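Student: Taken in order, these protein sequences are the chains called H and B.
Counting the first sequence from 1 gives a position; the working numbering is that position plus 2.
Counting the second sequence from 1 gives a position; the working numbering is that position plus 581.
Treat the hints as calculated values from the structure; they're not laboratory data.
Predicted model, so just to flag it, every value in this text is computed and none were measured.
By construction, the Cβ of each residue, glycine as well, lies at the ideal position given by its N, Cα and C atoms.
Warning: the hint list may mix true and false statements.
[Stated by the list, open to error] Pairwise CB distance ranges (calculated): (1) B:T592 to H:I104: 42 to 50 Å; (2) B:I587 to H:N41: 29 to 37 Å; (3) H:H13 to B:K741: 44 to 52 Å.
[Claimed, not checked] Calculated lysine-lysine pairs in the DSBU-like style (CA-CA distance at most 35 Å, straight line): (4) B:K601 to H:K47; (5) H:K47 to B:K585; (6) B:K607 to H:K34; (7) B:K745 to H:K39; (8) H:K39 to B:K601; (9) H:K39 to B:K585; (10) B:K633 to H:K34; (11) B:K745 to B:K583; (12) H:K47 to B:K583; (13) H:K47 to B:K607; (14) H:K34 to B:K741; (15) B:K745 to B:K662; (16) B:K741 to H:K47; (17) B:K583 to H:K34; (18) B:K741 to B:K662.
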Amino acid sequence: MSITSDLLRGHTDTIILRRLLHQDSYGYEINKYIQEKTNGMYELKEATLYSAFRRLEESGWISSYWGDETTGARRRYYTITASGIQAYKQNIKDWEQAKFLIDTLIKEDGQ
Amino acid sequence: MKEKIINHLETIFEDAPTTKAAHELKEELLSNSLSKYDDLISGGENPEAAYKVVISGIGDVSSLIEQLNNKSQMDPKLIEKSKMRSAVLVSIAVMLFILSIIPLIVASENPGYETLGLAGLLLMASLGVALLVFNNMTKPEYLKKEETVVEDFKQWQAEKTQKKTFRAAVSTLIWTITIAAYFVISFLSNFWHITWVIFLIAAALEAFITLMISMRSGGKG
Chain H
3 MSITSDLLRG HTDTIILRRL LHQDSYGYEI NKYIQEKTNG MYELKEATLY SAFRRLEESG
63 WISSYWGDET TGARRRYYTI TASGIQAYKQ NIKDWEQAKF LIDTLIKEDG Q
Chain B
582 MKEKIINHLE TIFEDAPTTK AAHELKEELL SNSLSKYDDL ISGGENPEAA YKVVISGIGD
642 VSSLIEQLNN KSQMDPKLIE KSKMRSAVLV SIAVMLFILS IIPLIVASEN PGYETLGLAG
702 LLLMASLGVA LLVFNNMTKP EYLKKEETVV EDFKQWQAEK TQKKTFRAAV STLIWTITIA
762 AYFVISFLSN FWHITWVIFL IAAALEAFIT LMISMRSGGK G
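Isolated chain H, as found in the complex (with noise of 0.2 Å):
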């Protein structure tokens, strides 16, 4: 399992990314429903989607707004912007292509 989450948490962007692609979201959000896709079987540390927040941002992938709620505090949203989509896709091809180089060295002929 240990590897499997190092191998995703290298991901962290690019499952933001997918996320905001479907709609605006906000952090708690956006962890509920990586646990509700994997049927609970990952989820992020509070940390590391901050600190992706902030990476994504700098990147210019993102960008944030302040929710209007009239009770209790403001939500952070996030939205994707037209760099951060054209980053979504080059991430995308990047992993096919890992996973093809991966599959082809790691598995046996035949498997």
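Dock chain B against the given chain H, drawing on the hints supplied.
Tutor: Here is chain B on its own, set in the frame of chain H:
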């Protein structure tokens, strides 16, 4: 129980810098934690257990807070580059000012071309001024190290004094050039009856630049 979550976050952020970024991170964490808590409660969890889940989820955000602490706002390479650019622009402007006398000298040797010489001088001088203005307007502002209130105030002050000194510098520049040009042109051309027009041009130019400066700061405010 929600109070306890809020208190927990307050404790975590006790040592955080008092910056806007830190405050926003706290608010973001809080709203997300409360949503999670509400979700757990409506899922049938008892308050105590839900609280524990939420708190453990928040976990160690000290690394995040640390990130907020030593975030360098500007790449040193970029600073270097903009300094370089600024130096080049100013040098070209000064060169234009010095060389702007050449058209006049050339014109004075060739009777009939005085107006052309004057036009050349004015053109080069105004190009120089334009370069200086452009350089100052596109220069990166006082680089913020931390987005604290104190820093904001410092930046505001720096902007204000920068604007003042800039305006004074432009004014001095314009009038020095004007007076020099007035005498040079007048002595060379002997058109004393008309050369005073240059002062009108200078006044108009200064008014225009002042307007541009105030328009720029107005757009920002």
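Student: Compare the structure with the hints numbered earlier in the document and write down the numbers of the violated ones, lowest to highest.
Tutor: 7, 11, 14, 16
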